[in-house]
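Trainee: Sequence:
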Amino acid sequence: MSTWSRLKASFVWSLKYLLRKQRVRFALFWVLFTIVLAAVGPLITPYDPTQTAGPPRQPPCSKYWLGTDWFGFDLFTRVVYGLRVSLYVGVIAAIVGTTVGVLLGLVSGYFGGLVDEIVSFVVNLLLTIPPLLIVILVLTYIGFRGLEFNGLLIGLLQWHWVARAVRSITKSLRSRDFVLVSRMSGLSAFETILNDILPNMLSYVALVFVLQFSSAVFFSVTLEFFGLVPGNIMSIGFILQQAVLWNAIQMNVWWWAIIPGILITLFLGSLYVISSSLDELFNPRLRGE
Numbered sequence: 001m002s003t004w005s006r007l008k009a010s011f012v013w014s015l016k017y018l019l020r021k022q023r024v025r026f027a028l029f030w031v032l033f034t035i036v037l038a039a040v041g042p043l044i045t046p047y048d049p050t051q052t053a054g055p056p057r058q059p060p061c062s063k064y065w066l067g068t069d070w071f072g073f074d075l076f077t078r079v080v081y082g083l084r085v086s087l088y089v090g091v092i093a094a095i096v097g098t099t100v101g102v103l104l105g106l107v108s109g110y111f112g113g114l115v116d117e118i119v120s121f122v123v124n125l126l127l128t129i130p131p132l133l134i135v136i137l138v139l140t141y142i143g144f145r146g147l148e149f150n151g152l153l154i155g156l157l158q159w160h161w162v163a164r165a166v167r168s169i170t171k172s173l174r175s176r177d178f179v180l181v182s183r184m185s186g187l188s189a190f191e192t193i194l195n196d197i198l199p200n201m202l203s204y205v206a207l208v209f210v211l212q213f214s215s216a217v218f219f220s221v222t223l224e225f226f227g228l229v230p231g232n233i234m235s236i237g238f239i240l241q242q243a244v245l246w247n248a249i250q251m252n253v254w255w256w257a258i259i260p261g262i263l264i265t266l267f268l269g270s271l272y273v274i275s276s277s278l279d280e281l282f283n284p285r286l287r288g289e
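Sequential numbering of the sequence shown, starting at 1, is according to the UniProt record's numbering.
These are computed hints drawn from the structure, not numbers from a lab.
A portion of the hints provided could be inaccurate.
Said to hold, decoys possible - Label pairs and their calculated CB-CB ranges:
1) 205 to 114: 19 to 29 Å
2) 189 to 71: 37 to 47 Å
3) 70 to 29: 26 to 36 Å
4) 185 to 111: 14 to 24 Å
Given the structure is predicted, the values throughout are model-derived calculations rather than measurements.
The beta carbon of each residue, even a glycine, is placed where N, CA and C say it ideally should be.
Let the hints inform the model, and build the full structure from the sequences given.
Mentor: This is how it looks when you write it as structure tokens:
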């Protein structure tokens, strides 16, 4: 059986194992529901997120599904548009952080030497600096440069722990017999990494991507809440910021703050459940084996 055939069989088994757990089924449902809501929500709402939809401070009803805020904006419309922004930044950051971390970890762990020392130095340096603080300082100094830039910046400050873990896995795999056979057969370093090392850590890469995505969405919402994303770009953090500034809870417009907060909390919590279940799946000791 080829490497990729084994991976396919392993994926099917892993999926069946995960879906046996009720909490994982709920987490997967909520993540997919949130993504679909962000994708199709703007297509089904009749309102514009930048224009008032009706009377202010209307509680959730058949016409305004999540109610209206202090100014009469439809909250459902604002939430689905806001989810798009937060998830978009999260996906960009997760792709960047995972890709950079895996590539540098593979190169550092396989070749060692000066490359390994440089990567290890940068990783240790980044581990001592809070990434959220750096992002806030950079955006405060240079200003908003676009959602893509935010995602890139967040991703470039999240790769270090990935590289550290992948480096350790690569060093362990490098001394395995099947890797030594590939090297003795004349395969290049690139071919050996691509055919023998990377496929054996794809399960960990999947776990890393989920963790990166969850962390990046949280970062994105935090930046939006602090006002580091312009208000003309609708986002979950901006909705929560406005609800706090206008004392939504105290003024009995609770749905303005509570509903978006619950939605994003459930989404991040579901990603945590998925990541912890993946960790349990790929770590026999956590399964009690």
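Trainee: Now, for every hint given, state plainly whether the structure supports it.
Mentor: Do the hints match the structure? See the list:
1. In this structure the hint that residue 205 and residue 114 lie 19 to 29 Å apart at CB holds, the actual value being about 26 Å.
2. For residue 189 and residue 71, the Cβ-Cβ distance of about 60 Å falls outside the hinted range of 37 to 47 Å, so the restraint is violated.
3. As the Cβ distance of residue 70 to residue 29 is approximately 32 Å, the hint placing it in 26 to 36 Å holds.
4. A C-beta distance of roughly 19 Å is found between residue 185 and residue 111, which places it inside the suggested range of 14 to 24 Å.
Comparing the model with each numbered hint stated earlier shows that hint 2 is the single one that does not hold.
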